[in-house]
Amino acid sequence: MRIKSFLMTFLGIGLAGGAVILAQDQIRRNQSAGEPTIVRVVAVAEDIAFGTPIEGHKLTTIDWPTASVPAGVFTSFDDVLPAAGIEPRRAKRALAQGEILLTSKVSDFGEKVTIVQTIGENNRAMAINVDAQTGVGGFVTPGDFVDIVLTRGTNDTLRAVTILQNIRVIGVDQTADEELDQPGIARTVTIEVTPDEGQKLALAQKAGQLSLSLRSLQTEEDKPLEAVRLSDILLEKSPLEEGTPRPIVKVRRGATDVQEIQVFGNTSATTEPVN
1 MRIKSFLMTF
11 LGIGLAGGAV
21 ILAQDQIRRN
31 QSAGEPTIVR
41 VVAVAEDIAF
51 GTPIEGHKLT
61 TIDWPTASVP
71 AGVFTSFDDV
81 LPAAGIEPRR
91 AKRALAQGEI
101 LLTSKVSDFG
111 EKVTIVQTIG
121 ENNRAMAINV
131 DAQTGVGGFV
141 TPGDFVDIVL
151 TRGTNDTLRA
161 VTILQNIRVI
171 GVDQTADEEL
181 DQPGIARTVT
191 IEVTPDEGQK
201 LALAQKAGQL
211 SLSLRSLQTE
221 EDKPLEAVRL
231 SDILLEKSPL
241 EEGTPRPIVK
251 VRRGATDVQE
261 IQVFGNTSAT
271 TEPVN
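By UniProt numbering, the letter at position 245 of the sequence shown is numbered 245, and the numbering carries on one by one without gaps.
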């Protein structure tokens with residue numbers, strides 16, 4: 001038994017030693033080939049708000065596998081931080097702690113960062129005047145998507161129609177930070193539109209009142225919506241189709257007098273007494 005235990009121990013030591021030798025040999029091969037498996041990249045050490053300067057104390061470095069390094073990374077603080085007398089880079093969007101810093105997320109040295117950097121190619125930014133009712137009670141924040149409803153007319157001619165769907169909000173009042181999570185009553189909402197949508201929106205603002213309809217996070221298929229008129233809401237007829245059986249209520253008066261009452265919407269018709 002002792003000889004067997006000794007042989008098993010010796011065999012285990014041999015296998016472990018062989019694995020170490022193989023690993024060291026692989027490392028030497030990678031180093032000799034000039035292909036390091038890990039690269040050190042610049043990352044965000046603490047949250048950086050949209051438009052604020054990129055400063056040294058807000059940065060750190062992390063090790064990242066060479067094979068999966070994304071395009072546009074920084075590998076040195078010298079490429080991110082300005083030299084003496086040079087204006088700093090600024091965040092083009094809100095940066096979260098721990099994420100890799102990319103050239104697409106920061107401006108050039110001294111470049112002004114405005115809401116323009118958040119607009120897609122060939123799109124436009126337009127503002128809408130809102131209040132607590134038309135602005136979804138202040139729950140619309142930058143980064144949300146909304147539908148825009150136009151209401152116009154008076155009395156019997158009053159109608160509403162959805163003129164734009166799935167429109168991105170890029171600013172609320174003077175704030176364009178998409179990390180904003182505190183609702184507030186806004187007076188102006190800035191949205192991103194195409195040139196054609198911008199023309200429709202300009203006319204709509206002159207034609208009547210615009211309201212925002214906050215969309216859910218789920219992807220939905222947009223379909224054209226017909227205008228809704230006041231007469232469509234104030235129905236004068238019962239919503240039941242003609243010929244549909246009506247409910248009947250029996251009312252007893254006294255010991256033997258029973259009446260059947262047929263219900264018509266908010267009214268009723270009395271039938272003959274049933275004895």
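It cannot be assumed that every hint is accurate.
Straight-line Cα separation of at most 35 angstroms, DSBU-like style, residue types lysine-lysine; simulated pairs [to be verified]:
id, residue 1, residue 2
1, Lys58, Lys223
2, Lys206, Lys112
3, Lys58, Lys112
4, Lys92, Lys58
5, Lys58, Lys200
6, Lys206, Lys223
7, Lys223, Lys92
8, Lys223, Lys200
9, Lys92, Lys112
10, Lys92, Lys105
11, Lys223, Lys112
12, Lys58, Lys206
13, Lys105, Lys58
If you're looking for bench data, these hints aren't it; they were derived computationally from the structure.
Hint check results:
For the suggested pair Lys58 and Lys223, the alpha carbons sit about 46 angstroms apart, so the restraint of at most 35 angstroms is broken. In summary, the hint linking Lys206 to Lys112 is supported, as the alpha carbons are separated by about 33 angstroms, within the 35 angstroms threshold. About 20 angstroms separates the Cα atoms of Lys58 and Lys112, which keeps this hinted pair within 35 angstroms; it holds. The suggested pairing of Lys92 with Lys58 holds, with an alpha-carbon distance near 15 angstroms, which does not exceed 35 angstroms.
This hinted pair does not check out: Lys58 and Lys200 have alpha carbons roughly 44 angstroms apart, beyond 35 angstroms. Using a Cα cut-off of 35 angstroms, the hinted pair Lys206 and Lys223 holds, with the two alpha carbons roughly 25 angstroms apart. In summary, the hint linking Lys223 to Lys92 is supported, as the alpha carbons are separated by about 34 angstroms, within the 35 angstroms threshold. Between Lys223 and Lys200 the alpha-carbon distance is near 17 angstroms, which keeps this suggested pair within the 35 angstroms criterion.
Our distance criterion of 35 angstroms between C-alpha atoms is met by Lys92 and Lys112, whose separation comes to about 10 angstroms. Taking the CA atoms of Lys92 and Lys105, the gap is near 5 angstroms; set against the 35 angstroms cutoff, the hint holds. Pair hint Lys223 plus Lys112 does not hold up; C-alpha atoms about 39 angstroms apart against a cutoff of 35 angstroms. Between the alpha carbons of Lys58 and Lys206 the distance comes to roughly 47 angstroms, so the proposed pair goes past 35 angstroms and is violated.
About 15 angstroms separates the Cα atoms of Lys105 and Lys58, which keeps this hinted pair within 35 angstroms; it holds.
Hint check: violations occur at hints 1, 5, 11, 12; the rest are consistent with the structure.
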